[in-house]
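Undergrad: Could you put together the complete structure from these sequences and hints?
In my numbering, the protein residues as written are 1 to 428.
Careful, some of the hints might be misleading.
What the hints assert, rightly or not - The calculated EDC-like cross-link candidates involving lysine to aspartate or glutamate, where the alpha carbons are at most 20 Å apart (straight line), are:
1) 51 - 96
2) 126 - 261
3) 328 - 289
4) 377 - 140
5) 409 - 286
6) 296 - 286
7) 118 - 140
8) 77 - 90
9) 275 - 231
Derived by calculation from the structure, the hints in this document are not laboratory data.
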Amino acid sequence: MFKNYFLYLLLSATILLSSCEKEDNVPQTDYSIGSTPHFELLDQHGNGWIKQGRYQLSEDPTEEFEYYENGFIKSAKVYASYPQHHLYMEVSRSEDNKPLWSKYYLPDGSLWFETEYKNGLPSVKKVYSEKGTAIHTYTDGELSSVEFTAADGSSTATTTYNKAAGSRNVTIINNGETVLDENYAYREQVGAGIYTNTHVPVANPFGATEASYFKLNQSFSQSVSWEYDADPISFMFPYRLFDEFYNPANYFATRFAVGTELYQSVIEQYPVTEKGVLIGGGKYEDGFEAFSDNWKVRDSLSGVYNEDPALYKLKYGNEYIEKVGYGKIFFVIGAIRNLPTDSNVADNIKNIARKQMDAMINGSTGITSKEQEILDKVWFEVKFFSTLKEHRNGVVINTSADYENALQKLNAAEVSVIQLQYEPVENL
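TA: Now the structure itself:
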């Protein structure tokens, strides 16, 4: 009896020892972050997350950035390699993810335009060109005035907005003489001119010519997918679309950021995306306004232009609005930061993040508590953006109810201006 008892104890101890050895042999998941041939980890926070990092290609930096300890962007510099390696975008943000300032550069290194923010809203935007400098001033995030001064100081163009009165005033001064002082509707209408180099809205030579509305009723949507950059350009329309060929290639379409606040807001929140970003959304084109029959007016204006092209462009810009497009735009972005260096571990976390975002948008089965523990090891946030002012900087989505609420607000709102298409004055 005792022999069998001791044999039982010996067998139990053997099984327990074997079990412990198996547990000891199971490799622990490596969630650490380290440098790779294309990424240099410069500093870390106490929790192991990235504090400072740099991506590089052939020893040239492509992105240099710093995170706050809570995972938000503190600062970032983004570089382009065409036509030569240069810094083309720089941002600074607060610890609660509000923009502080941003700067964009030309390939020769000169400053192109810069924006200062107050309480997370644009305060002053300055646009520089060889022709002069434009200062765009905002009040509570709304454009209140634009003042252009020619490089040689010979002329100024000032547009001031009065939202309460529903009007804007355009004043042009040339060599000390006021050559134009007119009031127009608050919103720029078909025919309104602009200085394309500095995005300065000026006068409308078409007077009381009436525009017609052409119905489109077109929509486009795309489900959430992993993208290399947080570039929403395929889900939206550049607010000001000038008559020029523009191919940003693999870089942010910074030329659209000058006049498209929604686009600028997004790329400045996500200048760095580590190993990809989840993005999806849709856009709806309700229709557009355009002149249906104004050949007599065009011929008349063409004659005025030919008499003094320089004076005409000073008053009415080098391009004018041909179409005003109306509709709605929305997209959702799921950003993930501080991913582990181990690619298999990182891919598993990305799959969990995708599952979590799908649950928020589609109401599908969410992630398990164990998967949530794994996802909590990184920074992951889902935001909803749209043409509504309250969605311009994005609203955080934590549940499917949050997503439905944001979408319902957009659906209930009236269509708004989503694009101004321009035509050169030479084509009058």
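Undergrad: May I ask which of the numbered hints given earlier this structure violates, with the numbers listed in increasing order?
TA: Hints 4 and 6 are the ones this structure does not satisfy, whereas the remaining hints hold.
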